[in-house]
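Residue numbers (numbering that gives the first Met the number 0), protein chains in the order written: chain A, 0 to 274; chain B, 0 to 240; chain C, 0 to 245.
A portion of the hints provided could be inaccurate.
As the list claims (entries may be wrong) - Derived SDA-like pairs (lysine to any residue); straight-line CA-CA distance at most 20 Å:
#  : chain 1 : residue 1 : chain 2 : residue 2
1  : B       : Lys100    : A       : Glu97
2  : A       : Lys167    : B       : Lys87
3  : A       : Lys13     : C       : Ser153
4  : C       : Lys92     : A       : Ser93
5  : A       : Lys13     : C       : Leu196
6  : A       : Lys263    : A       : Gly233
7  : A       : Lys13     : C       : Gly154
8  : B       : Lys194    : C       : Glu217
9  : C       : Lys92     : A       : Lys186
10 : C       : Lys212    : B       : Val31
11 : B       : Lys233    : C       : Lys163
12 : A       : Lys13     : A       : Gly206
13 : C       : Lys118    : A       : Lys167
14 : B       : Lys233    : C       : Glu217
15 : A       : Lys11     : C       : Leu148
16 : A       : Lys13     : C       : Asp90
17 : B       : Lys234    : C       : Ile8
18 : A       : Lys11     : C       : Leu96
19 : A       : Lys23     : C       : Leu148
20 : C       : Lys92     : C       : Gly149
21 : A       : Lys13     : C       : Tyr205
22 : A       : Lys23     : A       : Gly233
23 : A       : Lys29     : C       : Leu240
Note that these hints are calculated values from the structure, not bench results.
As the structure is a computational prediction, the values presented were derived from the model and not from experiment.
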Amino acid sequence: MSSTPETPIIPKIKMNAILNVLAKGNHIDKRPLLSYRQIDVVKNVSPNADSSVLVKLGYTQVLAGVKLEVGQPFPDNPEEGVLIVNAEYIPAASPTFEPGPPDENAIELARVIDRSIREPRAVALDKLALIPGRKVWVVWLDIYVLDHDGNLIDAAMIASILALANTKIPYYEVDQASGNVKIDRSKTAGLLPMNKLVATVTIYKIGDVLVVDPTAEEEALASASLAIAVSEDGNIVGMQKRGLGAFTEKELEQAIEISLNKGKELIETIRKFIT
Amino acid sequence: MKANKPQLIIEGKRVDGRTPSDLRPIKMEVGVLRNADGSAIVEIGNTKVLAAVYGPREVVPRHEEQVDRAIIRCRYRMLSFSTMGERKSPAPSRREIELSKVIREALEPAIVSSQFPRTAIDIFVEVLNAEGGTRTAGITAASLALADAGIPMLDLVAAVAVGKVDGVIVLDLNEVEDMYGEADMPVAAMPSIGKITMIQLNGVLTPEEFKKALKLALDGINRIYNLQKEALKKKYVEIEE
Amino acid sequence: MSSSVQRTIRLPGDQIVLDKNMSIEGAGVGTSLYRLNENTYVVTTVSLQDVEENEKKKIRIIPLKGRYMPKEGDIVIGIVYDVTLSSWLIDIKSPYLAVLNASDYIGKPFNPATDNIRKYLDIGDVVIAKVAQFDRTRQPLLTVQDKGLGKVISGSLVEIEPSKIGRVIGKKRSMISMLMEQTKCDFVVGVNGRVLLRCPDAELEYIAILALKKIEAEAHTAGLTERIKEFIINEKVKRGLIKYES
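All chains, full assembly: derive it from the sequences and hints.
Written out as structure tokens, the structure reads:
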């Protein structure tokens, strides 16, 4: 059952200070409202993964990893590989996160990322059949939030796309007759085929202003947010409105415009970190 | 599985080129997370573990609190892509549940829990990459995270495994040695007060081999302990004027 | 500065053996030292150790990190966390939520049947209070019945490591006096690791916050007051608030 979340407690004087600064056109760390914090990328954090990427967006840290396995295709798409996305907010990441299976926020995050990658066909799943109809590559994308300082979806998307685009397919041999696939992880058969890059730009409504990339403190004051995924060819490839508040039609139009601009920037940043 | 056992000792050297008493290369960093009260990353060879500590804080649920001490809670787990070969299911395994307890009990003797009655200290150990020795790296990292959180401890706890491979007693088993060796014995200790806080044995040793193995483990623990101190001090080096 | 002070970092597990001509003091005595036997102590937290050599050797232990533990008489800055019928639960950054009774706040008996507690203080409000009672078996009790205590309506709240608050004040208030003089801000220091700033303008407030963060990061170093002063002057020059004068 989904229920109204507890409101985080922010000292009132701090709340007023944040709202004042935002109204004047800046984040509390002095950046303009529509700019992102510094993005740092560390690749190959977990060498046992077929790809792993740690993204630091300010103090937010998200680790995404990919494992490839041989498995069966979905019956409705027998000639395509399979992509499965999971996400977890580890309890180390925030005093309010509890250990246990992923809660509704983590599951929502995983599904929002999943749809925004799947729908624009960012990963060329059609090139991942080993024995069409019987054996395909299963791409497991696992996302872990390690430190929460706001704007998790955008950070998770950067980590996910970079993890996928840097995934090395293990060397393999297919015996079409017997249906056996032999894998040798010590060698590689090339990179996971990608069709296009995608970025998510989440627009937060805080007071009367629209901002991107809030810190956790700022984010706690947002009445609503809209995660907009954009692809490198300039399409809108996914959306998710979250939060207790709502947007006007005009705000929605503004949000789309912001996301198309900022999305382009993020995709350029992502491109720099692809092997 | 043991049918394909490779030769583990060739001309006195191990599969990764170490001598029996060598540790793998070690890296430690303290204070890697912003939200946690304390945190640390420990890398030993390709094994990489992140530990985070919260507390002492209010106990939720309330009925778990104890009137004369802080309760320590610990969760050890492996990220799904941290293991060699197939993806690990994120559901907690029996192994992870046991190791959570073993790690907690390796750390409990060090923590002065009587200073914080009716509170909880939470320790989260996340294995980022697993190639042998994750529980011992976890203990070493968790102890640094506790110190980083300012939680009073009688000593840092350092840990390492010893074992027997191809009949030879060796320090700090890697994944292959762990898999094919004859014995694996993780040990944790508080070196400056000379107390052992964890010991397990998986395998068979003669009493003489056990003595030799324990001595080698304590020697390794001392080396790791010194690296822990260096890593902690590094956070507080004098600022250049 | 009369005698030479030797400063080192001590870590959990380090031992200190005392003899007749040595004494041990400092904020860490209750929290960061564990008595192993009659004259041997174990340091339990990352701490600063100052050794002063006079006719007697004096060792001071100051923890560098750790949760705030309430002490009777401490001035703390709290945030209202929850409201009951006749009291508030206050977050004072310690392992325990503190209690402030409505009767203490309004200074006379409080009747929840006829009066609404939330009109005095509500969730998120900031209060300056004094720890009236604490013995670790029950929640700390706060009072606002003293000068300068009560609800805070303006200012900006900065959080720093509680163990480093001592450095913000400094020896004989040297640091805090310098901060006030240089930034023209008013500083209320809660020993629980919260500082309330009231500044003439946003630029000076920003400089004051940067200075506090720098004190926190460099709390263990010598010559800090001078260095912070220089830092503030440089920041003021950078922002064109003053011209450089040597």
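Verification of the hints:
For the given pair, lysine 100 of chain B sits about 18 Å from glutamate 97 of chain A by alpha-carbon distance, which is consistent with the 20 Å threshold. Restraint check: the Cα-Cα separation between lysine 167 of chain A and lysine 87 of chain B comes to about 19 Å, which is no more than 20 Å; the hinted pair holds. Pair hint lysine 13 of chain A plus serine 153 of chain C holds up; C-alpha atoms about 9 Å apart against a cutoff of 20 Å. Simply put, lysine 92 of chain C and serine 93 of chain A have alpha-carbon atoms about 16 Å apart, close enough for the 20 Å limit, and the pair holds.
Taken as a hint, the lysine 13 of chain A and leucine 196 of chain C pair is honoured in the structure, with Cα atoms around 11 Å apart against an allowance of 20 Å. This hinted pair checks out: lysine 263 of chain A and glycine 233 of chain A have alpha carbons roughly 8 Å apart, not beyond 20 Å. Straight-line distance between C-alpha atoms of lysine 13 of chain A and glycine 154 of chain C comes to about 8 Å, which keeps the hinted pair within the 20 Å bound. Proximity of lysine 194 of chain B to glutamate 217 of chain C is assessed by CA-CA distance (about 34 Å); at most 20 Å being required, the pair is judged violated.
Between lysine 92 of chain C and lysine 186 of chain A the CA atoms are separated by roughly 52 Å; this puts the pair beyond 20 Å, and the hint is violated. Between lysine 212 of chain C and valine 31 of chain B the CA atoms are separated by roughly 18 Å; this keeps the pair inside 20 Å, and the hint holds. In summary, the hint linking lysine 233 of chain B to lysine 163 of chain C is supported, as the alpha carbons are separated by about 18 Å, within the 20 Å threshold. The suggested pairing of lysine 13 of chain A with glycine 206 of chain A holds, with an alpha-carbon distance near 14 Å, which does not exceed 20 Å.
Restraint check for lysine 118 of chain C and lysine 167 of chain A: not satisfied, since their Cα atoms lie roughly 62 Å apart, outside the 20 Å limit. Restraint check: the Cα-Cα separation between lysine 233 of chain B and glutamate 217 of chain C comes to about 13 Å, which is no more than 20 Å; the hinted pair holds. Between lysine 11 of chain A and leucine 148 of chain C the CA atoms are separated by roughly 17 Å; this keeps the pair inside 20 Å, and the hint holds. For the hint pairing lysine 13 of chain A with aspartate 90 of chain C, the CA-to-CA distance comes to about 15 Å; that is within 20 Å, so the pair holds.
For the suggested pair lysine 234 of chain B and isoleucine 8 of chain C, the alpha carbons sit about 11 Å apart, so the restraint of at most 20 Å is met. Restraint check for lysine 11 of chain A and leucine 96 of chain C: the C-alpha separation of about 18 Å stays at or below 20 Å, so the hint holds. For a cut-off of 20 Å, the pair hint linking lysine 23 of chain A to leucine 148 of chain C is broken: about 32 Å separates their Cα positions. The suggested pairing of lysine 92 of chain C with glycine 149 of chain C holds, with an alpha-carbon distance near 18 Å, which does not exceed 20 Å.
Taking the CA atoms of lysine 13 of chain A and tyrosine 205 of chain C, the gap is about 14 Å. The hint holds against a cut of 20 Å. With a CA separation close to 31 Å, the supplied pair lysine 23 of chain A and glycine 233 of chain A exceeds the 20 Å bound. Taking the CA atoms of lysine 29 of chain A and leucine 240 of chain C, the gap is near 18 Å; set against the 20 Å cutoff, the hint holds.
Consistency with the previously given hints fails for numbers 8, 9, 13, 19, 22, ordered from lowest to highest.
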